[in-house]
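**Q** Sequence:
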Amino acid sequence: MKEAMDKWEDLSRDPKARFEYESHLKAVLDDMAAVREAEKRYEKAIKKGLEEGIEKGIEQGISQGISQGLEQGKRENARAIAIKLLDIGMNLEKILEITGLEKADIEKV
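With the first letter of the sequence shown counted as 1, position 86 gets the number 86 in UniProt numbering; the numbers rise by one all the way through.
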């Protein structure tokens with residue numbers, strides 16, 4: 001510890017050595033500040049990317065869900081029509097043509 005204090009006193013007495021030390025210290029502190037700033041920007045970019053990704057995923061999920069729901073609704077409606085047509089005795093081939101269902105779909109009904 002005494003050795004460090006002696007060096008510090010020597011630096012304090014020599015203006016050129018003190019200037020070099022302070023310049024070096026400033027450069028080190030500037031580098032540390034630049035690293036901290038880069039880390040903050042990196043974290044901000046990651047956060048923004050995640051938020052945008054989640055938002056886009058939600059939008060795609062909603063869109064896909066709506067499409068699937070509409071398609072499922074159409075199939076259920078076609079099955080309901082097929083049941084009514086079967087009940088009135090319509091020919092199976094005609095029902096397939098009208099509803100667009102497969103024979104297996106009607107056999108499930």
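Just so you know, not all the hints are guaranteed correct.
No more than 25 Å apart at the CA atoms, straight line, and that leaves these computed lysine to any residue pairs for SDA-like [stated by the list, open to error]:
id: 1; residue 1: K103; residue 2: S63
id: 2; residue 1: K84; residue 2: I95
id: 3; residue 1: K74; residue 2: Y42
id: 4; residue 1: K40; residue 2: L29
id: 5; residue 1: K103; residue 2: G69
id: 6; residue 1: K26; residue 2: G49
id: 7; residue 1: K26; residue 2: K47
id: 8; residue 1: K84; residue 2: G57
id: 9; residue 1: K16; residue 2: V35
id: 10; residue 1: K94; residue 2: I66
id: 11; residue 1: K94; residue 2: A80
Label-pair distances were calculated between CB atoms; the ranges are [unchecked claim]:
id: 12; residue 1: K103; residue 2: L50; range: 21 to 31 Å
id: 13; residue 1: R41; residue 2: D105; range: 51 to 61 Å
id: 14; residue 1: D105; residue 2: A38; range: 58 to 68 Å
Treat the hints as calculated values from the structure; they're not laboratory data.
Don't be surprised by glycine CBs; every beta carbon is placed ideally from N, CA and C.
**Q** Against each hint, give a clear statement of whether it holds in the structure.
**A** Right, here's what the structure says about each hint:
A C-alpha spacing of about 30 Å is found between K103 and S63, which places the hinted pair above 25 Å, so the restraint is violated. Between K84 and I95 the alpha-carbon distance is near 10 Å, which keeps this suggested pair within the 25 Å criterion. This hinted pair does not check out: K74 and Y42 have alpha carbons roughly 48 Å apart, beyond 25 Å. Of the pairs offered as hints, the one joining K40 and L29 holds, with about 16 Å between alpha carbons and a cut-off of 25 Å not exceeded.
A distance of roughly 22 Å separates the Cα atoms of K103 and G69; the hinted pair therefore holds under the 25 Å criterion. Pair hint K26 plus G49 does not hold up; C-alpha atoms about 34 Å apart against a cutoff of 25 Å. At most 25 Å may separate the alpha-carbon atoms for a hinted pair to count; K26 and K47 exceed this at roughly 31 Å. With a C-alpha separation of about 40 Å, the suggested pairing of K84 with G57 is violated against the 25 Å cut-off.
A C-alpha spacing of about 29 Å is found between K16 and V35, which places the hinted pair above 25 Å, so the restraint is violated. Restraint check: the Cα-Cα separation between K94 and I66 comes to about 30 Å, which exceeds 25 Å; the hinted pair is violated. Distance restraint check for K94 and A80: the Cα-Cα separation of roughly 15 Å lies within the 25 Å cut-off, and the hinted pair is therefore satisfied. The given range of 21 to 31 Å is broken by K103 and L50, whose C-beta atoms sit roughly 48 Å from each other.
For the pair R41 and D105, the beta carbons lie near 56 Å from each other, so the given range of 51 to 61 Å is met. About 60 Å separates the C-beta atoms of D105 and A38, a value consistent with the hinted range of 58 to 68 Å.
Checked against the numbered hints above, the structure breaks hints 1, 3, 6, 7, 8, 9, 10 and 12 and satisfies the rest.
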